[in-house]
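Q: Chain residues, written in single-letter form:
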Amino acid sequence: MAKQTLTEKEGKKLMNEQSPMNPSFVQKRKLVHLIKDNIIALLLVVLVLFVGFTQKNFFSFANLINTVSNVTPRFIIALGVSGALIIRGTDLSAGRAVGLAGVLSCTLLQRNDYADKFFGADFTAPETWWYVLGIALFVVFISMCFGLADGLIIANLKVPPFLATLGMQTVIYGIARVYSNAKPIGGLRSDYTSIATAPIFQIGTFNFKWLFLFALIGGIVFWFLYNMTRYGKYMYAIGGNENAAEVSGVNVKKSIIKIYALAGVMYGLAGFILAAKSGGASVNLGQGYELEAIAACTIGGVSTGGGVGKVSGILLGVLVFELLKTSMQYLGINSDWQQIVQGVVIIVAVAFDVRKYLKRS
Amino acid sequence: MSEYLLQMKDIYKSFNHIYVLKGVSLNIRPGTVHALMGENGAGKSTLMKCLFGIYKRDSGEVIYNDEHVDIKNAKDALQKGIAMVHQELQPIPERDIAENIFCGRYPLKQVGPIKVIDHKKMHEEADKFLKEVGLNCSSTTKLGELSVSQMQSVEIAKAVSADAKLIILDEPTSSLTENEVELLFNIINKLRKKGVAFIYISHKMEEILKISDEVTIMRDGTYVGTWKASELTTDLIIKHMVGRELTNRFPKRENKPGEVVFKVEHYTSPNKKSFQDVSFELRRGEILGIGGLVGAQRTELMEGIFGIRDKIDGTMSFKGAELVVKRPRDAIVKGLALLTEDRRATGIFGVLSVSDNVGIASLDKYLDYGIVLNHKKLKLVVDENIKKMNIKTPNNDTPIQYLSGGNQQKVIIGRWLANAPDVLILDEPTRGIDVGAKYEIYCIIADLAKQGKSIIMISSEMPELLGMSDRVMVMCEGRLTGILDGKEATQEKVLELATKFM
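For the record, the sequence lines run as chains E and W.
FYI, the numbering for the first sequence is 1186 to 1546, going by my numbering.
FYI, the numbering for the second sequence is 16 to 517, going by my numbering.
Watch out, some of these pointers could steer you wrong.
Stated by the list, open to error - Computed cross-link-like contacts, EDC-like style, restricted to lysine to aspartate or glutamate with a CA-CA straight-line distance of at most 16 Å:
id, chain 1, residue 1, chain 2, residue 2
1, E, 1495, W, 269
2, W, 219, W, 269
3, E, 1439, W, 345
4, W, 391, W, 412
5, W, 271, W, 462
6, W, 508, W, 462
7, W, 392, W, 379
8, W, 502, W, 269
9, E, 1438, W, 345
By construction, these hints were calculated from the structure, which means they are not laboratory data.
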């Protein structure tokens, strides 16, 4: 009754043509996947080239520096949010935390001769670089405390991250308003604002600003954390399967708390430099940045399913967003339409991204 | 009218241009039980998914009721009279039985201008079908209150209610007790007499030989053959499945149990229905089997020991010192390891690489300067494990979700071995794993015991329990009912202890 219907020859022929052993076939397949997986980045390159060759001054050092300056704080915020996203959480408090950090920094770093000082005319601060550094650390510390609180609430009280950080967002905004009386703060010291404007070195018209150093160091530190430490491995494990992580000896609670606290550090840092870059801050500084950062991360391949995400991808995501905005400005698209396009890009990017992790069939 | 109800002819299917089905055929006669067998990865599930339109076949034809058909999805299949009862049931636990049966095709009645669900008719119908499959429950019972076997009966009732001519049972007995298996077989026999055909997918030889009329065997995506069940024996089936003769189902054990290394005393869960006052000892180089029926709280006890579940009373000692475990990490650093029962829920990190899956529990060992991970050291451990355990994977960076169940299991065993534990707790180590890989895992277990590791093995498969254990500890309803010497333990003795309080 047994019969062998396997068509050995047919099967073999098919296998040989389309097998992983056949190098030319594999290369073709790899290329297709490479294009599919990076479709957003490719479209962006096309857009940039198009705008660059049709619009004057798009390919210029001035524009490049401007773009990188804008990318820096956003990249730092996105790095902060990325940890929460990788463990399948989220952080909606990012934007407001940036705002509070900015307001705090500005109130403490006004010029001594400024007329409308926040702490009154009698308040004089030492005019040394270590005072600025001290304030930076202080602001970052305060911001970390809020992140820590987020982490504690999520890990211990099991409040879903979406709601925990939504609550924290409102709390932080309220604190910023109470603290600053909702007044914009200006008149910043030049040694503070110079961190965003002054160059480290200059080649022709190209200014390598201090600002960029923050992005560079942030990127390197996060790459190191994500790839070379237990912190990173545990983070990916929790995102991949929280229960399995606990069984494998990962202290899941502790990891979650650390991740949100570190996110707080990044928001503090971003707020500090963003205020310096803007030359002042109001309570609305950073409003909505959390959504932009989450979108950028997702565009950059931080999977909504958890456990996946690379620093290079996050940088790419932020770049996509910023270059898209700049390109549209150069093309003279009105800002309302820009909003619509940005929204569509987010949705399309995530739809493509989700496909990447579906089993290909 | 042909003699077959369903014919699948020469089915080919590829993923990423790698063929997983290479000319498979399956012919089902009405009113028969047709077993579909093969190791994990042989392509059984893929074939069924092609039938149900979940995957699109590359070539080949499907003839059902003398018609060429292309089934689009499960609903389409059900309308044609083909139903599938999945290995992992997908019920809606918060809704009642009737709603689960009629979900998606509720009986309607006209009320004025609109059609509404006819609850009365739905419950009447549901009760009728429940009776047909011999389930003594009201259709108003919430599904979540049923046992796994009862839920399965509901699934079958659902198939019957749709007037199914062909029902596919995927590993239907994997979480049933022996009595429940009998009940299931009664239902199958009853329906078979009425002309319903079954495709029965299972790894359990004894069951297959008992219930099926015909057996089709697949291997590596190819069709090996179809036989009458009466012509087959367990050995023959295994031979066809693995393509070679398996002389021994269990490896020879050369371990010599030594002194007591691990002691559990009066372990008690805060949950009254869970483990109560359990005490036992484990020796160096010993394999301690734990038997019992589903619900005996064996898994819960082990999770309690490992710090996943709470306990209100009890102590442990390990190598003479008291062992306090508040969370898994405490147990791991002291040299315990737990291979959990549900690989997908608490074992694998699906999206992460094989390498990350192996390394996660032992990262402390690969550090430079106490903080920087040394990927070279990690790679050495991973490569060693892949080689030692014969793990089949394209490379270290492949996400573990693309590996077969047996290989995933070996990866997780590798994860624990990387920590060089002294006590390994293995909870159903061979569940859902094919014969070949099972044997390999038995060999690993035997080898570990020989090296002096102590092993606790929970198993619901009697031959495995009796064939591998130095001693067999039996639990019933959360309590320890007896510990048998491996040589004296028999199926009857174990069952007697396993049902002591029932």
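Q: Keeping to a limit of 16 Å between CA atoms, is the pair of residue 219 of chain W and residue 269 of chain W held or broken?
A: violated, 27 Å
Q: If you draw a straight line from the CA of residue 392 of chain W to the CA of residue 379 of chain W, is it 16 Å or shorter?
A: holds, 11 Å
Q: Would the hint linking residue 1438 of chain E and residue 345 of chain W be met if the CA-CA limit is 16 Å?
A: The given pair, whose Cα atoms are some 15 Å apart, holds under the 16 Å limit.
Q: Is it true that the CA of residue 1439 of chain E sits at most 16 Å from the CA of residue 345 of chain W?
A: Holds, because 14 Å separates the two Cα atoms, which is no more than 16 Å.
Q: Check whether the Cα positions of residue 502 of chain W and residue 269 of chain W lie no farther apart than 16 Å.
A: holds, 14 Å
Q: Need the status of pair residue 391 of chain W, residue 412 of chain W: alpha-carbon distance at most 16 Å?
A: holds, 14 Å
Q: Do the alpha carbons of residue 1495 of chain E and residue 269 of chain W lie within 16 Å of each other, as the hint requires?
A: violated, 48 Å
Q: Within 16 Å, alpha carbon to alpha carbon, are residue 508 of chain W and residue 462 of chain W?
A: violated, 28 Å
Q: Hinted pair, alpha-carbon criterion (16 Å max): residue 271 of chain W, residue 462 of chain W. Please report holds or violated.
A: Status holds; Cα separation ~11 Å.
In the structure shown, a violation is registered for the earlier hints numbered 1, 2 and 6, in ascending order.
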